[in-house]
Amino acid sequence: MTSHDKFVVKSAIEIILNELKTHVPNLKQIDFFSDGAASQFKQRFMFRNLIQIAHEYKIALSWNFFATSHGKGVADGLGGTVKRLVWSAALSGDNCKSAKDFVKLAQQKTKKIIIIEITKNDIDNSKLKLENIFKIAKSLPETPKTRSVKVIDNKTLEWRYYSLSSTKKIIKYD
1 MTSHDKFVVK SAIEIILNEL KTHVPNLKQI DFFSDGAASQ FKQRFMFRNL
51 IQIAHEYKIA LSWNFFATSH GKGVADGLGG TVKRLVWSAA LSGDNCKSAK
101 DFVKLAQQKT KKIIIIEITK NDIDNSKLKL ENIFKIAKSL PETPKTRSVK
151 VIDNKTLEWR YYSLSSTKKI IKYD
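In this text, residue positions in the sequence shown follow the working numbering: the first is 1, and each later residue adds one.
Since the hints were derived computationally from the structure, they do not count as laboratory data. Heads up, a few of these hints could be off.
Within a straight-line C-alpha distance of at most 20 Å, the following computed EDC-like cross-link-like pairs (lysine to aspartate or glutamate) qualify [as the list claims (entries may be wrong)]:
no., residue 1, residue 2
1, K21, D5
2, K111, D101
3, K138, E19
4, K111, E19
5, K58, D124
6, K112, D76
7, K145, D124
8, K109, D76
9, K58, D153
10, K112, E19
11, K100, E14
12, K109, D124
13, K129, D76
14, K111, D124
15, K172, E158
16, K155, E131
17, K129, D174
18, K127, E56
19, K135, E117
20, K109, E131
21, K127, E14
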C-alpha cells in the first residue's frame with residue numbers, strides 16, 4: 001500500500017488513538033502536528049473527520065500545520081530509522097516481500113518504536129465510516145493559509161491562521 005489518502009490517515013489516527021488509550025486510559029486531549037500536505041491532512045474531509053474522531057473517542061483534538069516543505073520532522077526521522085533497520089535485515093538475508101514482513105522485521109529490530117500495520121481491511125472500514133460524514137464536509141475559507149484547527153463540539157470547528165492567533169473563525173456542520 002503506497003497511498004497516503006484521507007482514508008489511510010483516518011485508519012492511522014484510529015490505530016494511534018487505540019494504542020494511546022491502552023497506555024493512557026484517561027487521555028483527554030491530543031494536539032497533532034504535521035506538515036500541510038493537502039492530500040493527507042489539510043483538507044475539508046480531514047477537518048470534518050476530526051470532529052467525528054473527537055466525538056467517538058471523547059477527547060479534545062486540535063491539528064497544527066507546519067509550513068509546507070518547512071523541513072523534516074520527528075516522524076520522518078523515525079520512519080527513516082525503521083526503514084534502515086529493515087533494509088539492513090533484508091541485506092542480511094531476512095525475508096521482506098510484503099507490508100506484513102516489513103512490520104514483523106521492524107518489530108523484531110526495535111522495541112523503542114511502536115510499529116503497527118494498517119491493513120486493507122482497516123482502510124475499507126474507514127471508507128465505510130466516512131462515506132456519510134464526507135458528504136457534509138465543507139471547505140474552510142482560505143484553507144491554504146490555515147495553520148491550526150480545533151474541535152469545539154460535535155458540529156463545530158475553529159480555525160486560525162496560526163495556533164496562537166487571537167483571530168479565530170468558526171465553521172459549523174449540520
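Tested hints:
1. K21 x D5: violated (24 Å)
2. K111 x D101: Holds. K111 to D101 sits at ~16 Å (cutoff 20 Å).
3. K138 x E19: violated (30 Å)
4. K111 x E19: Holds - the C-alpha atoms of E19 and K111 are around 15 Å apart, at most 20 Å.
5. K58 x D124: The given pair, whose Cα atoms are some 23 Å apart, is violated under the 20 Å limit.
6. K112 x D76: Roughly 16 Å separates the two Cα atoms, so the pair holds.
7. K145 x D124: Given that 20 Å is the threshold and the Cα spacing comes to 31 Å, the pair is violated.
8. K109 x D76: holds (18 Å)
9. K58 x D153: holds (10 Å)
10. K112 x E19: holds (14 Å)
11. K100 x E14: Status holds; Cα separation ~19 Å.
12. K109 x D124: violated (29 Å)
13. K129 x D76: violated (29 Å)
14. K111 x D124: Status violated; Cα separation ~29 Å.
15. K172 x E158: At roughly 9 Å apart (the allowed maximum being 20 Å), E158 and K172 satisfy the hint.
16. K155 x E131: OK: K155 and E131 at ~17 Å, within 20 Å.
17. K129 x D174: Given pair K129, D174 holds - Cα atoms ~17 Å apart, limit 20 Å.
18. K127 x E56: holds (16 Å)
19. K135 x E117: With Cα atoms ~28 Å apart, K135 and E117 exceed 20 Å; violated.
20. K109 x E131: violated (38 Å)
21. K127 x E14: At roughly 13 Å apart (the allowed maximum being 20 Å), E14 and K127 satisfy the hint.
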